[in-house]
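Student: Fit chain B with the ligands to the known structure of chain A by using the hints.
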Amino acid sequence: MTSRIVPKKYPMPEQDPKERIRNFREVPLGQDPETVKLEAARCLQCRPPKGKIVPPCVEGCPVGIDIPGFLALTREGRFEEAIALIKEKNALPAICGRVCPYENQCEGACTLGKKYEPVGIGRVERFLADWERARGFRVPARPPPTGKRVAVVGSGPAGLTAAAELARRGHAVTIFEALHAPGGVLVYGIPEFRLPKEIVFAEVEYVKSLGVELKLDVVVGKTVTLEELRREHDAVFIGTGAGLPNFMRIPGENLNGIYSANEFLTRSNLMKAYLFPEYDTPTKVGRRVATIGAGNVAMDCARTALRLGAEESYIVYRRSRAEMPARKEEIQRAEEEGVKFLLLTLPKRYIGDERGWVREVECVRMELGEPDESGRRRPVEIPGSEFRLQVDTVVVAIGQSPNPLVPATTPGLKTSRWGTILADEEGRTSLEGVWAGGDITTGEATVILAMGAGKRAAASIHEYLSGKPWPSDWKPVNA
Amino acid sequence: MFKILSKKFLCPTVAKFEIEAPLIARKARAGQFVILRIDERGERIPLTLNDWSEERGTITVVALEAGATTKRLLSLREGEYLMDVVGPLGRPAEVERYGTVVCVGGGVGIACIYPEVRAFKAAGNYVISIIGSRTKDLLMFEEEIRGLSDELYVTTDDGSYGQKGFVSDVLRRLIEEGRKLDLVVAVGPVPMMKVVAEVTRPHGIKTIVSLNPIMVDGTGMCGCCRVEVGGKTRFACVDGPEFDAHQVDFDLLAARNRRYLEEERRALERLKEGRA
Ligand SMILES: Cc1cc2nc3c(=O)[nH]c(=O)nc-3n(C[C@H](O)[C@H](O)[C@H](O)COP(=O)(O)OP(=O)(O)OC[C@H]3O[C@@H](n4cnc5c(N)ncnc54)[C@H](O)[C@@H]3O)c2cc1C
Ligand SMILES: Cc1cc2nc3c(=O)[nH]c(=O)nc-3n(C[C@H](O)[C@H](O)[C@H](O)COP(=O)(O)OP(=O)(O)OC[C@H]3O[C@@H](n4cnc5c(N)ncnc54)[C@H](O)[C@@H]3O)c2cc1C
Ligand code: SF4
Ligand code: SF4
Ligand code: FES
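Going line by line, the protein sequences match chains A and B. The first sequence runs 1 to 479 under the numbering used here. The second sequence runs 1001 to 1276 under the numbering used here.
Check each hint, because a few of them may be wrong.
[Stated by the list, open to error] DSS-like mimics (lysine-lysine), calculated; alpha carbons at most 27 Å apart, straight line:
(1) B:Lys1003 with A:Lys208
(2) B:Lys1008 with B:Lys1027
(3) A:Lys215 with B:Lys1003
(4) A:Lys284 with B:Lys1071
(5) A:Lys272 with B:Lys1071
(6) A:Lys272 with B:Lys1272
(7) A:Lys414 with B:Lys1027
(8) B:Lys1232 with A:Lys284
[Said to hold, decoys possible] Under 7 Å between C-beta atoms, here's a sample of chain A residues computed to sit facing chain B:
(9) Gly243
(10) Leu244
(11) Pro245
(12) Asn262
(13) Thr266
[As the list claims (entries may be wrong)] Short, incomplete list of chain B residues facing chain A, as computed with Cβ under 10 Å:
(14) Phe1002
(15) Leu1005
(16) Glu1040
(17) Val1238
(18) Asp1251
Since the hints were made in silico from the structure, they are not lab data. Cβ coordinates follow ideal geometry from the N, Cα and C atoms, glycine included.
If we strip away everything but chain B, and leave its shape as in the complex, we get:
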């Protein structure tokens, strides 16, 4: 059992949880994730490590309400327990001194990019962060990321805060202005990562994305999380989740993530009716 030490809503559909998990906290690195299960009947869902503290023996994850399981997760309170939390899973981000690194976070992906901003900065890079969301209320970690970045750009799709537009617009502009970018790391919704890949591709800028396929075990046992990178099948939970953006088949990923739409809808309806 894993205790929820604190829970804070960042907006009505996103919450941050600090969870007691000393073994995971000792090993956590930027870019890795955990898989959790709320209770006996629960499904296993992956969430990126947003933060961790070896001293406190805790990890922090940020979850966006996407369907039944995350909705149930968001309804849990401080002091309650999660049945299972396992990790840290996946390969850590390859953090080195590249020069100028652009960290792009979209939506809840901002919470996922935060530890990478910190790690790339600590490794001595000049870090440009670009974060964006649909609207002002969904923006998160702005102050934390600003504090760690050499430059920060903020966008909202509807223009309610920062610049109106997409994170990729800012990235394109930086490139057009002739800035020398050595690495781009992007985490966010599949369409966003796909666009980022297209923006950097013609310029040959190395670009890394963190993929979010449906997972079950997270240890390479089931093959549920398979993605195609450079025409080869890879298991995102053990070979990734980070891959070379220019090699990823994003359309396949998007199609595979729609496998259970019908069941997800049923689960949500059932939850709304009051789960037995």
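Just chain A, same shape as in the assembly:
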């Protein structure tokens, strides 16, 4: 095997940056079957290291997909079996193959990656899922109904995964979603050019084909209460995500032209404001746009701004490049598209015109001091380094907090001081028969972690519905 090592990933064609900043189509264009077989053949088929039961890549995947297994099948062109193997662990592979931070997960742990480029696990997964979708899903046979009813609150990756897993075990599942479309952040947050909505809806259709009922336009805590859901179901799973936008609380933040990332992205993605006036919801992007923050959400905003016509799109971030939390690939793509990075820069206040529109943001330069609790060097202001940046539009992308609606309207449902719902390792909350998982228990995290939580909770719910008693010594793991 070693003699045939291919040091680099087979390239995946992408839309040219000059072209793609004028459309919302997906940036990477996918690979052909022959290239994918070659990519899969790069895998060394590692054995588990001493004292481990799985190879490093599998250990790096939060849902434990049999990676060498599906790569071996792919190499031989046995795509159908390969995707079936993935789906044993991951119901939404077309999504994970696109948005998983695999460089820190499966690919980050890949043995090949120690000396060369790791196997392109994400892109193979993506190919297989697309290949399957193009041929039409095969709807798995439904198991005999158990007669048990489960309510799932929220249709993000956590809720969708929990619903699919439970339906597959014969339980009658109903998802309650506040918005008019299912998918959570996958539809309202992550832009079309990174995750086409058609893919999310196809995956939702797959979940529905398992027998899951989807009720849109139901805000739990308002339209129905969690208590009512508990009365009408044998178990409830809460996957309401981290949807509450944070602001910096600095002067001028409510001026016109200043959006939260959620509003900016929701207008563009969910409401399709980029198609205004064909679609009714407007959005407003000026010539100069500043996005505050440097995570995935911020990159999405800065790149969306370009596509909506901004001439200059800035990322304003108080730390340095090394600390930027966004995926490397996305930072690189943002740069290729012309996004400019103002690092070690902190906004202090916004200055508006007489009509209430933001015109400038006053910033101060920062330098890195001693490491803080997170181990990252703490940014400190450089006195006297204030300067002003001219802007027409600002997007505040400094993170989201857990959605407070359900906890606020459910007596007895315990939360941490950050507002996350307390849950034990199986996702059980302080209320019997109620589970929670995803961003609502962890705070803003990742799609695959939310799915993993949905899956673990589903297994636990299934045991409970099969007669396993609720623990008398409940201990939350996220207190």
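Tutor: Frame of chain A, contents of chain B with the ligands only:
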């Protein structure tokens, strides 16, 4: 899909819709609103609950033609469907027995104040209602509100009906006459609510207004609806829409509601040309 069971024009630019929405009807309380979307391409717009019936499984909203979406809404007919209606959203009005409560409604705000008049009356208050509009044709719910109120005053800006002047003139007069008012609740255009706040402020009369910022989701997710109350940023869709009038920054609200003027005009022009 949500069926329009009945539609009635209250005047050429305002219509009342009874919509099938049993889940919302079960939970609705005075002061709350819904968000609706006409069709796949539609925007999400908030409308106050004007009435509801748990038995019939219906809610009633009253919409004033303000721009493209409400114009399109008013063109829908009985038996047609709305794609989405979600609610009840916002916090209900805090209805208690205060003593004498003045309910002020301006323009389409009269339709919004109606359920509050009913709720405050049912809670045992002495209710004085003041309703007003630009002109006689735009006045609505006069008989319904009269039937529920201990006193009713009607104004029109142009004097075509009732007293000539503004609802705030009546409120000021009541105060000057030395009436003891325990609570004032006002719903209407931003300038009207601002004036009402100024009239009651020097007298320390507790005053509540229902704010109408631009919204998207209505569940606290986007921050589009942020308003400043007592110097703090609040999300009107979840923290409101009702707030202490004496703490509200009305100028900010007015400025923020002008964010999309240009786009609203474009949408309206396009609609007039015949929407594709
Ligand atoms: C712009 C953006 C980009 C991102 N990029 C990536 C990425 O590249 N890779 C990655 O792994 N992760 C990424 N993330 C993070 C990832 O999307 C989240 O961690 C993940 O979606 C969390 O899933 P969830 O199911 O817990 O919640 P969500 O996806 O937030 O879904 C929660 C759902 O619950 C609904 N809901 C909330 N309250 C109620 C209620 N009271 N009643 C009914 N329904 C309710 C919401 O409307 C929503 O549909 C990104 C996030 C954002 C915002
Ligand atoms: C809590 C609340 C309750 C309301 N109740 C009623 C009601 O009972 N009856 C009624 O006629 N109107 C009500 N409104 C106002 C109504 O939502 C707007 O008139 C409507 O959205 C205008 O849409 P349009 O496309 O027809 O007009 P546009 O041309 O888009 O706008 C006209 C004006 O309406 C406001 N507006 C625009 N879009 C929105 C939006 N998405 N959300 C809120 N305001 C917007 C803007 O200030 C704008 O200047 C309420 C608003 C809020 C926030
Ligand atoms: S789900 Fe994510 S981490 Fe797991 S194999 Fe796929 S891309 Fe890698
Ligand atoms: S670690 Fe890399 S090379 Fe080894 S089995 Fe996993 S994917 Fe293949
Ligand atoms: S409308 Fe989105 S937070 Fe209020």
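Student: Against chain B, is Leu244 of chain A within 7 Å by beta-carbon distance?
Tutor: holds, 6 Å
Student: Need the status of pair Lys272 of chain A, Lys1071 of chain B: alpha-carbon distance at most 27 Å?
Tutor: Distance ~21 Å between Lys272 of chain A and Lys1071 of chain B Cα, so the pair holds.
Student: Could you check if Thr266 of chain A really has its C-beta closer than 7 Å to a C-beta on chain B?
Tutor: Holds - the Cβ of Thr266 of chain A comes within 7 Å of chain B, reaching about 5 Å at its closest.
Student: Please work out if Lys1008 of chain B and Lys1027 of chain B have their alpha carbons no farther apart than 27 Å.
Tutor: The given pair, whose Cα atoms are some 24 Å apart, holds under the 27 Å limit.
Student: Report holds or violated for the interface hint on Asp1251 of chain B, using the least CB-CB distance to chain A and a cut-off of 10 Å.
Tutor: At 8 Å from the nearest chain A Cβ, Asp1251 of chain B passes the 10 Å test, so the hint holds.
Student: For the pair supplied as a hint, Lys1232 of chain B and Lys284 of chain A, is the alpha-carbon distance within the 27 Å limit?
Tutor: Holds. Lys1232 of chain B to Lys284 of chain A sits at ~25 Å (cutoff 27 Å).
Student: Under 7 Å, Cβ to Cβ, is where Asn262 of chain A needs to be relative to chain B, so tell me if that hint holds or is violated.
Tutor: holds, 5 Å
Student: For the pair we were handed, Lys215 of chain A and Lys1003 of chain B, check the Cα-Cα distance against 27 Å.
Tutor: Distance of about 17 Å is within 27 Å: holds.
Student: Close enough to count: is the Cβ of Glu1040 of chain B nearer than 10 Å to one in chain A?
Tutor: holds, 8 Å
Student: Using 7 Å as the Cβ threshold, decide whether Pro245 of chain A counts as touching chain B.
Tutor: At about 5 Å, which falls below the 7 Å cut-off, the nearest Cβ of chain B leaves the hint on Pro245 of chain A intact, so it holds.
Student: Are the Cα positions of Lys284 of chain A and Lys1071 of chain B separated by 27 Å at most?
Tutor: holds, 22 Å
Student: Using the nearest Cβ pair, does Gly243 of chain A come within less than 7 Å of chain B?
Tutor: With a minimum Cβ separation of about 4 Å from chain B (threshold 7 Å), the hint on Gly243 of chain A holds.
Comparing the model with each earlier hint shows a violation of hint 15 alone; every other hint is respected.
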